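Residue numbers (our numbering), protein chains in the order written: chain A, 1 to 203; chain B, 1 to 203; chain C, 1 to 216; chain D, 1 to 216.
Careful: at least some of the hints might be erroneous.
Pairs of lysine-lysine residues, derived as BS3-like cross-links and limited to a Cα-Cα distance of at most 27 Å, are as follows [as the list claims (entries may be wrong)]:
hint: 1; chain 1: A; residue 1: Lys22; chain 2: D; residue 2: Lys178
hint: 2; chain 1: C; residue 1: Lys136; chain 2: B; residue 2: Lys32
hint: 3; chain 1: D; residue 1: Lys136; chain 2: D; residue 2: Lys100
hint: 4; chain 1: A; residue 1: Lys23; chain 2: D; residue 2: Lys98
hint: 5; chain 1: D; residue 1: Lys161; chain 2: D; residue 2: Lys100
hint: 6; chain 1: B; residue 1: Lys127; chain 2: B; residue 2: Lys22
hint: 7; chain 1: B; residue 1: Lys23; chain 2: C; residue 2: Lys138
hint: 8; chain 1: D; residue 1: Lys138; chain 2: C; residue 2: Lys136
hint: 9; chain 1: B; residue 1: Lys127; chain 2: D; residue 2: Lys178
hint: 10; chain 1: C; residue 1: Lys138; chain 2: C; residue 2: Lys178
hint: 11; chain 1: D; residue 1: Lys98; chain 2: C; residue 2: Lys138
hint: 12; chain 1: C; residue 1: Lys143; chain 2: A; residue 2: Lys127
hint: 13; chain 1: B; residue 1: Lys70; chain 2: C; residue 2: Lys161
hint: 14; chain 1: A; residue 1: Lys22; chain 2: A; residue 2: Lys127
hint: 15; chain 1: B; residue 1: Lys144; chain 2: D; residue 2: Lys143
hint: 16; chain 1: C; residue 1: Lys98; chain 2: B; residue 2: Lys22
hint: 17; chain 1: C; residue 1: Lys100; chain 2: B; residue 2: Lys31
Covered stretches of chain D (in silico footprint by chain C; criterion: 3 or more residues with CB under 8 Å from a CB of chain C, positions within the stretch not fixed) [to be verified]:
hint: 18; stretch: 2-9
hint: 19; stretch: 135-149
hint: 20; stretch: 152-161
hint: 21; stretch: 195-208
Keep in mind that the hints were calculated from the coordinates and are not lab data.
Nothing here was measured: the structure is a model prediction, and the numbers come from that model.
Each residue gets a CB set at the ideal place from its N, CA and C atoms; glycine is no exception.
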Amino acid sequence: MTEDNGHKHHHAPPSEIEERVKKLESLLVDKKLVDPLSLDLLIDTYQNRVGPRNGAAVVAHAWTNVDYRKRLLQDATPAIMEMGYAGRQGEHMVCVENTPEIHNMVVCTLCSCYPWPVLGLPPTWYKASSYRSRAVSEPRAVLKEFGTDLNPDVEVRVWDSTAEIRYLVLPMQPAGTENYTEEQLASLVTRDTMIGVTQVTLN
Amino acid sequence: MTEDNGHKHHHAPPSEIEERVKKLESLLVDKKLVDPLSLDLLIDTYQNRVGPRNGAAVVAHAWTNVDYRKRLLQDATPAIMEMGYAGRQGEHMVCVENTPEIHNMVVCTLCSCYPWPVLGLPPTWYKASSYRSRAVSEPRAVLKEFGTDLNPDVEVRVWDSTAEIRYLVLPMQPAGTENYTEEQLASLVTRDTMIGVTQVTLN
Amino acid sequence: MNGAHDLGGKHGFGPIDQSQTENFIHQWEETVFGLTLTCGMLGQWNLDQSRFARERTDPVHYLSSTYYEHWLHGLELLLVETGMISSDELSSGIASSKTKLSAANPEIVQTIIYSGAPTQLPERTTNRFSLNQAVKVKSGNPKTHTRVPSYVKGVAGTISKLHGTHIYADEHAMSGNKVPEHLYCVRFEGEDIWGRDAEPNSCVFIDLFEPYLTSI
Amino acid sequence: MNGAHDLGGKHGFGPIDQSQTENFIHQWEETVFGLTLTCGMLGQWNLDQSRFARERTDPVHYLSSTYYEHWLHGLELLLVETGMISSDELSSGIASSKTKLSAANPEIVQTIIYSGAPTQLPERTTNRFSLNQAVKVKSGNPKTHTRVPSYVKGVAGTISKLHGTHIYADEHAMSGNKVPEHLYCVRFEGEDIWGRDAEPNSCVFIDLFEPYLTSI
Chain A
1 MTEDNGHKHH HAPPSEIEER VKKLESLLVD KKLVDPLSLD LLIDTYQNRV
51 GPRNGAAVVA HAWTNVDYRK RLLQDATPAI MEMGYAGRQG EHMVCVENTP
101 EIHNMVVCTL CSCYPWPVLG LPPTWYKASS YRSRAVSEPR AVLKEFGTDL
151 NPDVEVRVWD STAEIRYLVL PMQPAGTENY TEEQLASLVT RDTMIGVTQV
201 TLN
Chain B
1 MTEDNGHKHH HAPPSEIEER VKKLESLLVD KKLVDPLSLD LLIDTYQNRV
51 GPRNGAAVVA HAWTNVDYRK RLLQDATPAI MEMGYAGRQG EHMVCVENTP
101 EIHNMVVCTL CSCYPWPVLG LPPTWYKASS YRSRAVSEPR AVLKEFGTDL
151 NPDVEVRVWD STAEIRYLVL PMQPAGTENY TEEQLASLVT RDTMIGVTQV
201 TLN
Chain C
1 MNGAHDLGGK HGFGPIDQSQ TENFIHQWEE TVFGLTLTCG MLGQWNLDQS
51 RFARERTDPV HYLSSTYYEH WLHGLELLLV ETGMISSDEL SSGIASSKTK
101 LSAANPEIVQ TIIYSGAPTQ LPERTTNRFS LNQAVKVKSG NPKTHTRVPS
151 YVKGVAGTIS KLHGTHIYAD EHAMSGNKVP EHLYCVRFEG EDIWGRDAEP
201 NSCVFIDLFE PYLTSI
Chain D
1 MNGAHDLGGK HGFGPIDQSQ TENFIHQWEE TVFGLTLTCG MLGQWNLDQS
51 RFARERTDPV HYLSSTYYEH WLHGLELLLV ETGMISSDEL SSGIASSKTK
101 LSAANPEIVQ TIIYSGAPTQ LPERTTNRFS LNQAVKVKSG NPKTHTRVPS
151 YVKGVAGTIS KLHGTHIYAD EHAMSGNKVP EHLYCVRFEG EDIWGRDAEP
201 NSCVFIDLFE PYLTSI
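Produce the complete structure using the sequences and hints provided.
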């Protein structure tokens, strides 16, 4: 995990909630309900191994391979599995395609469902009340806050992932990247573009 | 005001909010936006002069006077004014009658509207989230909590006072009080019976 | 405004604490009550504007604070927004500017308490809906003040009483203009609102302005 | 459950804090995440039961605490409710009883991470609704777990995709039974949900189980 995040108060005296969590952790380990190695494995997996680079690889592959793109849009779960990504919170994937006429964005208003195998764990803002409340009722205003100013002609489609289907946005490939390698393309694809709050740019 | 209420922390050191209110009060008095005598008059009026005894007098009068009852149910505002009660938060009154077939109860889900001239200021529970949330969706469960167990045949009517109409429930006169004086009857009528969460009893 | 104040039908607030029978819990609440009423009598805002000010309390604060904390928040907001006091004066508590307004004296207060502020206006239009007519509450999600509870949006009911025309709350909160609109008492059957989760033999009556409703 | 978690369309939460890009704010959140997942792998509760446990957080606490505080609350509740730990153990932190369960080892964990827990079940019934059919979301206000957001109750939409049959979340959270129900992706036009307050040219797609829907 990253130690340099200003929000992480590792060196401050332990807070009440830190104590509460430590106590629970040691209780569960004592009762042999939790294997500390499993705990480390889970945290390491989602902090270091599973993240938006997975999704970016899927997107770049779809941009460079017409057949793959078709498979991805038709039935995303096996197509994503082809690339080696599968598992928890990505059991049933749907990929939605941005076009000049349609822009997609994803939210989970009821909790914070998110496609872990391709995007890792959700950022804090995605789980916050403001995003969850506003994404469905004023998506254009939210997009504008993220710097995404869409033409009124563009239809905005918001996907509220209320069941176990998880959504990945396939952003538009930016103009001028026709000769980029798949790796170069993947490096342009950020997490936010696959949630659908921003568009891929050459910045 | 009553000094004996355990909730009133007069003798504890002033809280942050007490200081905040004191500061605001003295600012408004300094700026001559508030006349301290007016402030005292307002508090005294609603703590000592206007309260559920007013409503109880209206109810007892309606129980003993058939013509008055008719006028009250047909057009409550002038009928209540006849008894000397009128003014703020009672400008437009409607009186709803409990019968063996119909039970009425009053709530304001959006704020805490309440008929001040006849009932005074609302009790804390009336303003609390639990009453405001539950009164409309599970009135029978709420009534049961108040000890009012209605027969399933009785229609429960909930009045959500969303506009400036204020509602007074006319409870049923308990059996065995036919020879009571109007004053004796009024003494049986509690605030809660006129909100409609309880029924008048001889206890 | 679809805010934390819109509580009808929400879950999670537990049983009703019937021991809370007092009008005021703390003495400062009495002061807030009195200040709000007497300041309101200066005519710088109306009742709907004061409701909207309270609704603009942060949702967490709204749900975790007492009723008169909402009033205090609303009063402070209105005093500053109308320029009756400055934010500096509010934070310092020290008067640094004069005002042309003068406090309501006890005589005025006494009169206003007992005369109130009727909201009924002369009828200028005929009512669009009539007694016993079936109507439906329109969809909508205004960020501004409104008196349609969320739980009844899109639900069908029956006109049960015509209250005449009253000051339209939504407009009154926005511009202060006293626009007359017909006000109806609408009866909604429990199961039309809550579906199969409704309690049997129950209904809710809600006072709704004509612009909230549509015929079905 | 019509709780504080049901946030779609609510007002008052302000702008989005885009600086909050981290997955975890505090280190204890990582522990809560790991504990929740590994305890969940013991099969004493399912995903819908864990969602319902989080939803039962007090509304004020829900809105004022961070995401992983909801998880912590949910985990503690489930551990006690399933008898995996006692409330005394929870408060003292000292193990006072044995359990027959044994912790998921890293190998099991690794397998579960990458295999997940698919919710699709074999289709035993034919779908009641078909592609492009107009449907309406039923009214309802269950106190139990459901995956119908409040903002879409009573609203009409169009079936845009058939997802096959999946474990019905409402029943799964109640009894743990894996009842198959058809799951549909339904398209709702913005103005059908938000009326004249909708943004132009916008729509919301929501995955809804067959029992939530009715034909129109």
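Hints, verified against the model:
| no. | hint | result |
| --- | --- | --- |
| 1 | A:Lys22 / D:Lys178 | 34 Å, violated |
| 2 | C:Lys136 / B:Lys32 | 49 Å, violated |
| 3 | D:Lys136 / D:Lys100 | 47 Å, violated |
| 4 | A:Lys23 / D:Lys98 | 17 Å, holds |
| 5 | D:Lys161 / D:Lys100 | 44 Å, violated |
| 6 | B:Lys127 / B:Lys22 | 24 Å, holds |
| 7 | B:Lys23 / C:Lys138 | 45 Å, violated |
| 8 | D:Lys138 / C:Lys136 | 15 Å, holds |
| 9 | B:Lys127 / D:Lys178 | 42 Å, violated |
| 10 | C:Lys138 / C:Lys178 | 22 Å, holds |
| 11 | D:Lys98 / C:Lys138 | 58 Å, violated |
| 12 | C:Lys143 / A:Lys127 | 22 Å, holds |
| 13 | B:Lys70 / C:Lys161 | 17 Å, holds |
| 14 | A:Lys22 / A:Lys127 | 24 Å, holds |
| 15 | B:Lys144 / D:Lys143 | 18 Å, holds |
| 16 | C:Lys98 / B:Lys22 | 20 Å, holds |
| 17 | C:Lys100 / B:Lys31 | 10 Å, holds |
| 18 | 2-9 | holds (count 4) |
| 19 | 135-149 | holds (count 6) |
| 20 | 152-161 | holds (count 3) |
| 21 | 195-208 | holds (count 4) |
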